[in-house]
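*Asks:* If you read the protein sequences in the order shown, they are chains A and B. According to my numbering, the first sequence is numbered sequentially starting from 14. According to my numbering, the second sequence is numbered sequentially starting from 22.
Take the hints with a grain of salt, since some may be wrong.
Unchecked claim - In the BS3-like style, the derived pairs of lysine-lysine whose C-alpha atoms are separated by at most 27 Å in a straight line are:
hint, chain 1, residue 1, chain 2, residue 2
1, B, K269, B, K337
2, B, K269, B, K373
3, A, K76, B, K502
4, B, K382, B, K348
5, B, K337, B, K348
6, A, K286, B, K502
Note that these hints are calculated values from the structure, not bench results. Please read these numbers as outputs of a predicted model, since none were measured by experiment.
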Amino acid sequence: MSSAQRPRASDLAHLALLACGLACLALLPAGRAFAQDGGTHATSLEDLFRTGNEMFFQNDLVKARASYERLVEAGVDDPDVYFNLGLAHARLGELGRAISSFERALRLAPGDSDAATALSTARAALGKRRAERQGEATVETRPPLSDALVEPFRQNTLAVWLLVLDVLFFALLLLRRVARDETLRTAFAVAAATSLLGVFAAGGGLWVKRGGLDEGRAAIVLREGAELREGPDPRARARASAHEGARARVLRRDGAFLRARIEGGPDGWMQEKDIAVVEP
Amino acid sequence: MKKALYMLVAFAVPVLADASLARADGAVRVQMGADRTDASLTDNIVVQISVQVQSNEEPRIEVPQFEGFQIVQRGMQRPMSFSIGFGQAAPTVTSATNYTFVLQPAAAGRFQIPPARATLGGRTYASQPLTITVHAGAGQQAQAAQPAQPGQDPNAQNQAATQSQAQAPAPQAGSDVYALDPEAFLRTVVDKTEPYQGEQVTTTLYLYTRHNLQSMPAVRAEPSTDGFWIHDLLSGNPPPEPGRVLVKGRAYWVYVLRRFAAFPLRSGDLTIGAMSLTISHDSIFDMLDPSRAQPDVERTGVPLLLHVKPLPDQGKPGDGSNVVVGKLELRGALDRAQAATGDAVTLTATIKGTGNVAGIKLADPVVPGVDVLQPETHDLVDTHDDLVEGTRTLAWLMVPRNAGTFTIPALALDTFDPTTGQYKHLTSTPITLTAVGNAKVSADAPAVAATDHTSTSAPADTATKEEAWPPLHARSALARKTPAQADSPLYALSLLLAPLLWLGSVLVPVVRRRVQSRTGSEERKRLRAAQQRLQNAEGALGSNDGPRFHGELAGALVQLVAARLGDNIAGMTRNETRGVLLGRGVSDDKVSELLELLDRCDTARFSPTGNDPNEMKRLLARGEALFTALPAPATDSPGSSS
Numbered sequence: 014m015s016s017a018q019r020p021r022a023s024d025l026a027h028l029a030l031l032a033c034g035l036a037c038l039a040l041l042p043a044g045r046a047f048a049q050d051g052g053t054h055a056t057s058l059e060d061l062f063r064t065g066n067e068m069f070f071q072n073d074l075v076k077a078r079a080s081y082e083r084l085v086e087a088g089v090d091d092p093d094v095y096f097n098l099g100l101a102h103a104r105l106g107e108l109g110r111a112i113s114s115f116e117r118a119l120r121l122a123p124g125d126s127d128a129a130t131a132l133s134t135a136r137a138a139l140g141k142r143r144a145e146r147q148g149e150a151t152v153e154t155r156p157p158l159s160d161a162l163v164e165p166f167r168q169n170t171l172a173v174w175l176l177v178l179d180v181l182f183f184a185l186l187l188l189r190r191v192a193r194d195e196t197l198r199t200a201f202a203v204a205a206a207t208s209l210l211g212v213f214a215a216g217g218g219l220w221v222k223r224g225g226l227d228e229g230r231a232a233i234v235l236r237e238g239a240e241l242r243e244g245p246d247p248r249a250r251a252r253a254s255a256h257e258g259a260r261a262r263v264l265r266r267d268g269a270f271l272r273a274r275i276e277g278g279p280d281g282w283m284q285e286k287d288i289a290v291v292e293p
Numbered sequence: 022m023k024k025a026l027y028m029l030v031a032f033a034v035p036v037l038a039d040a041s042l043a044r045a046d047g048a049v050r051v052q053m054g055a056d057r058t059d060a061s062l063t064d065n066i067v068v069q070i071s072v073q074v075q076s077n078e079e080p081r082i083e084v085p086q087f088e089g090f091q092i093v094q095r096g097m098q099r100p101m102s103f104s105i106g107f108g109q110a111a112p113t114v115t116s117a118t119n120y121t122f123v124l125q126p127a128a129a130g131r132f133q134i135p136p137a138r139a140t141l142g143g144r145t146y147a148s149q150p151l152t153i154t155v156h157a158g159a160g161q162q163a164q165a166a167q168p169a170q171p172g173q174d175p176n177a178q179n180q181a182a183t184q185s186q187a188q189a190p191a192p193q194a195g196s197d198v199y200a201l202d203p204e205a206f207l208r209t210v211v212d213k214t215e216p217y218q219g220e221q222v223t224t225t226l227y228l229y230t231r232h233n234l235q236s237m238p239a240v241r242a243e244p245s246t247d248g249f250w251i252h253d254l255l256s257g258n259p260p261p262e263p264g265r266v267l268v269k270g271r272a273y274w275v276y277v278l279r280r281f282a283a284f285p286l287r288s289g290d291l292t293i294g295a296m297s298l299t300i301s302h303d304s305i306f307d308m309l310d311p312s313r314a315q316p317d318v319e320r321t322g323v324p325l326l327l328h329v330k331p332l333p334d335q336g337k338p339g340d341g342s343n344v345v346v347g348k349l350e351l352r353g354a355l356d357r358a359q360a361a362t363g364d365a366v367t368l369t370a371t372i373k374g375t376g377n378v379a380g381i382k383l384a385d386p387v388v389p390g391v392d393v394l395q396p397e398t399h400d401l402v403d404t405h406d407d408l409v410e411g412t413r414t415l416a417w418l419m420v421p422r423n424a425g426t427f428t429i430p431a432l433a434l435d436t437f438d439p440t441t442g443q444y445k446h447l448t449s450t451p452i453t454l455t456a457v458g459n460a461k462v463s464a465d466a467p468a469v470a471a472t473d474h475t476s477t478s479a480p481a482d483t484a485t486k487e488e489a490w491p492p493l494h495a496r497s498a499l500a501r502k503t504p505a506q507a508d509s510p511l512y513a514l515s516l517l518l519a520p521l522l523w524l525g526s527v528l529v530p531v532v533r534r535r536v537q538s539r540t541g542s543e544e545r546k547r548l549r550a551a552q553q554r555l556q557n558a559e560g561a562l563g564s565n566d567g568p569r570f571h572g573e574l575a576g577a578l579v580q581l582v583a584a585r586l587g588d589n590i591a592g593m594t595r596n597e598t599r600g601v602l603l604g605r606g607v608s609d610d611k612v613s614e615l616l617e618l619l620d621r622c623d624t625a626r627f628s629p630t631g632n633d634p635n636e637m638k639r640l641l642a643r644g645e646a647l648f649t650a651l652p653a654p655a656t657d658s659p660g661s662s663s
């Protein structure tokens, strides 16, 4: 490349300054996502959580469940609250609701081993219950490989990594253009190729995490034998029924009914009280 | 000779057939019966299970679970096994195992006791199940009758028992009771006549007969052992060989029918009942000489009365109801001294010694802040020199709810040693448990049993309480919902920013080059036009066309200025032209030269002397010189030419 073909230093400097400024602006929401919400909570929320725990220790599970549910209604979206709510549901025998709460906890905190253990315990208990009642029960199969690969990561984490690797990739390309030394140019090219792989990985993971492979939002069936009807009407014919704790995808809503597809099974309209969406 | 051979064959064939049949039969008969199938909550129910086997092998017996009942008393007897054959030959052994359970109902309802099973040679034999209905409320005291024989009508059996009791002799006190009979009689011997409550009484039942038995006597009624806990001392051991004794001048064969340890469960007068059996004297030789056949003999023993003493008051702890009789030792141990809250540790109590270890109960330890689950119990009972001994192990799971140090109190057991007549208060040492971690969930109390006791009842949803759930999270940041980064429009823009900047860095120089190359080509075009007009002027000179020559030359000079300097001076006055060119940095002499040439061309075009070839040549030369004299504009495009 001749000197006439290389970008001028002043141009590059201007571009770099502009890039830094815009990148900071773009990463500001990400930084906010990483930072804990350390704002002042209403005292009532902490009291609610404390009350819920005390009721749980006193074995008053109904009141404990009510406290945790009020926190969720108040807009709290915390993995610990969902976990405790799941435990209250589980101890009350509401295994479908327990599973949906544990799933929510894991989506917010993928590394929470307690939530993962509780989820597998709930599924095992559900299977045992169904086997005792019906003679046999299908143990839940493993999730798809794509879901298993992205499960340990939060959606926001993948988004930030994608952004960082994206900027890094093009920055390395730019540096390669201006570098004069051949060794440096090769090094920048290799680094750029590596970061490009990271871009694809992060981008692919983010796409899967956001349900790119599946239509609709993830959900859990709450009631054993919940009907899947042909239409969003309680008088519509029931074409199938779902097992409690089964995974499903909610496609759309019509009034008090949700169009759902059971994983590996039929689809139909279910009453919203029979199914809980686990991802927003 | 032939006749003797025929006789031999006649004897041998049936004997061998009988023996082979006996060996190959291996018949197992399993029977289960109860003295009553309709009872109240206060009644006791006696269930008897009998397993009779004709085989050299010992069957594996499965006693059913008595759900809905508490076992008040249990006993097992194994009657003597007899061999059939000549002399030492014993091709077949027949034996029977009899279990007796005294049950007390735990709740009202309809209960089905599963069948008892025995497995032999890969085949399983089962009795009929038993259905017992328990009514709420108090009932009449249970009849003190013999337990019903399996498969028989209990009412009929009770009537028969009542009748037989009316015929049986009255219980006799003593350590050795029997009713002498010249043919055969039963004798009951105990090692003590006034035991303490809970003390072992070793009891042996003998059969005295004048003739050697060819087959096992059929037991019509087992000796009753109401008020005793029974442990069979012959179980698993080969039966003693019959002996030959003289009683009052008569020789008898003596067979040991039963030997068991009886532990009185209460004080007062208790009776070890009489056994009733039928002795058959049938022989294979009877078919050769029917006159030799002897009738069956039925015999009933004499009940034995024991005076059971209560435990002595002196030194008795409490009311004495929790005192265990025997020589025992107590140890307690914790599997680990430190645990995380919510994690379980195991407290194990080991009671070892002589006595009825299976009846030992320890109070569950109470530790504030620690959940204690119901213990698991394991018994290992053995006998040594007809003395029952063993080990009972109780294991409690303990789950600390809170962090801290807990003291597990010492376990305690009151014992009474009948040999010394002394009470002992056994204790283990207190154990310290340290728990660390956050406060955990408290364990639930064991769920009350469902009221429906049928085997087809569905399990309650309280089964989720049995699962091992992780502990509650005591802290939470109570985070609020935040929108996903990828949903923000700014995020998409941020992703596009870097590629756009990079693209800009690539495209900007390209665009600049293109712009610069476009400017250079305009200039060259004008220069070519100027040169073309100069050539036209040369052509006009050659054709001596003065007006055209001067017009072309002037046009060439104007084009030249436009090409070099970018200024169009056509239409400008001379003063304006001078000003523009001087402003462009052109030197004054060149400006003057240019202006003079333009003036001469303008004048000569319309002058009659404008066709002078020499003058035109001189003007052309001066014009060409000006082409090279005027400076070219600065450019670095590759195609530009200066």
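*Asks:* Regarding the pair A:K286 and B:K502, is the alpha-carbon distance no greater than 27 Å?
*Replies:* Holds - the C-alpha atoms of B:K502 and A:K286 are around 22 Å apart, at most 27 Å.
*Asks:* Keeping to a limit of 27 Å between CA atoms, is the pair of B:K269 and B:K337 held or broken?
*Replies:* 47 Å, violated
*Asks:* Taking only the CA atoms, is the gap from B:K337 to B:K348 under or equal to 27 Å?
*Replies:* With Cα atoms ~16 Å apart, B:K337 and B:K348 stay inside 27 Å; holds.
*Asks:* Given the hint that B:K382 pairs with B:K348, does the C-alpha gap stay at or below 27 Å?
*Replies:* 15 Å, holds
*Asks:* Taking 27 Å as the top limit, are the C-alpha atoms of A:K76 and B:K502 close enough?
*Replies:* 24 Å, holds
*Asks:* Checking one constraint from the list: CA of B:K269 to CA of B:K373, max 27 Å. Satisfied?
*Replies:* 45 Å, violated
Of the numbered hints listed earlier, those contradicted by the structure are 1 and 2.
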